[in-house]
Structure formats: structure tokens, C-alpha cells
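Residues in the sequence shown are numbered from 1053 upward in steps of one, following the working numbering.
Be aware that one or more of the hints could be misleading.
As the list claims (entries may be wrong) - The calculated DSSO-like cross-link candidates involving lysine-lysine, where the alpha carbons are at most 27 angstroms apart (straight line), are: (1) Lys-1216 to Lys-1154; (2) Lys-1185 to Lys-1196; (3) Lys-1185 to Lys-1154; (4) Lys-1207 to Lys-1246; (5) Lys-1235 to Lys-1269; (6) Lys-1233 to Lys-1196; (7) Lys-1185 to Lys-1238; (8) Lys-1269 to Lys-1253; (9) Lys-1196 to Lys-1070; (10) Lys-1233 to Lys-1185.
Unchecked claim - Label pairs and their computed distance ranges (CB to CB): (11) Asn-1136 to Glu-1280: 31 to 37 angstroms; (12) Gln-1306 to Asp-1058: 39 to 45 angstroms; (13) Gly-1121 to Ile-1174: 16 to 22 angstroms.
Hint data in this document are derived by calculation from the structure and do not stem from the laboratory. We put the CB at the ideal spot given by N, CA and C, even for glycine.
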Amino acid sequence: MNRFDDFFRNMTDEEWEKFAVAVLRQVGYIPITLPAYGIDSGKDFLVEGQNIRYIVSCKHYIKSGKHVGQDDEQNIGDRLLQHNANGFIGFYSTGITTGLQKRLDGICNNHQYEYIIYEPQIITQIMQSMDTKILQSFGLYPNKYYMNVPEHEYKPLKCVCCGKDILTDQNIPNSIAGLAKCKDGKYEYVYGCKPCLARVKLYLDAFLELEQALHLKWLQGWENMIDEWIEEDGLELQEDFYKMRHQFIQGVRQRQLPQTDGTWYGLDPDNF
């Protein structure tokens, strides 16, 4: 069992349906209807994507370990006609049986319908590109921010101005890092509270939000950009530049999120 089994297992059936809406939105589907309590007439909700109208059927069988079979998805063709849909999406917390797959293949081949099955492996791949805050709202982990080290091994990362630990839950959203120009014209690597660094002139007025740095790809993108500035713009650096840079990276790693736990506001730094 892995941590995503626990994540899926802890959701109720209603939460699983709402989670399905969030996941399908992430991959480009537009909800036409949303899940509602009561009889669903063979669908949990409707979405549209690439000019195809899909009925979405959610099955949350992970607690029993049962695969979704033919008896769980009856009259699929009739349901598609009833809801004027030409596509079927199964959003399942377990896999499907061979029997159900053959039935879906038959219906879609004969009637030119489309079908897509979202099983746990596919869902967890999509989660990597989702907004971490959305995943948190469904219970991915109990605290607002992740902790990678035991409490007794944790080392504070202190603001270069006031000395506050910027890695505490309350300070993370109010902290940044950047390159500050000193009086001698050289640059130093700085990190700290936003109010403290508001008085500091940062190179190109650019900075990294600490919440961004908690996502590995965002931190890597920032560090690559700094290397480009140094090489292409010929920045002169203070003697402790790389020491401060190393301290920041090492500190952030203590609270960095697993790469499978989404990204900052669902954005990819490569496309930002």
C-alpha cells in the first residue's frame, strides 16, 4: 500500500465524485453538470472535451478492493442516448475487469462512441500537475505544509534581516528569495520576510516565493535562471554568495513537497 492508496481510501463516495471533477478539469474537460445527491440516472455528472459530450461514472471501490465490472456499469449505450452523450468516462479508484473492457470496446466500436477509463495509476500522474492546494483540500496530507525531516533534525532558515525562521507554517507564505545589490556593486543571495526585503533592491525586481521553492521544479527553474544571469549579465558576486545559496536550498529541502503532490497553483514553471 502506498500513500495514494490512503489518500483515495480516506475519501467518501461524495468526495470521490468532487475529486473527479477537479482531476478532469485539470486535463481540459469542461463540466456541464456537477455531482449531486440522489438518483443520477446512470451518470454522476457530464463533461465536454474536444467537442465530445461525456457522461462520467464514478466508482469508489478501493476499500473493498473490488474491480469495476459489467454488473457495475449496466446499460451504458442506453445511458449515453438518454443524456445525449457520445462519450463515456469511468473514474475509478480500482481497476476494471476484462469483461467490462470488452463491453466498452464493443459499444464504442459499434456506435462510434468514445470511452476513457481513469484508474489510480493515471489519476496519480495527473495529480503531479494539479494545484497542491486543491489536493490538500481532499486530504492529501493533514498539515498546510509538508515536513521531510524529523522534528529533532529540523534546522531553522532565518531571515537575513530579522532572524525569524521563514520555514514555519505562518512565515512560508510571507517569505521570498532574491539577488540583492550591495553598495560595492556586487550581489548577494538573500532570503527572508517580505516586509524585510521590501527595502532591498533585488536584481531585475525578481524574486522567488518561498511557496514556489517548496516545489522542486520551481526551485530548479529559479536556480537555472540565476546561473544564466550570472553568466550572461556578468554579475559580480559577494564572497558568501554560494554559501548563502546553499543554505537556502538545504533549508527549503526540509519542507519540500514530493514531486507527485502537485505544483504551485497548478502551473508548470517551464510554461510560466
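Tell me, in ascending order, the numbers of any earlier hints that this structure violates.
-> Violated: hints 1, 3, 5, 6, 7, 10, 11 and 12.
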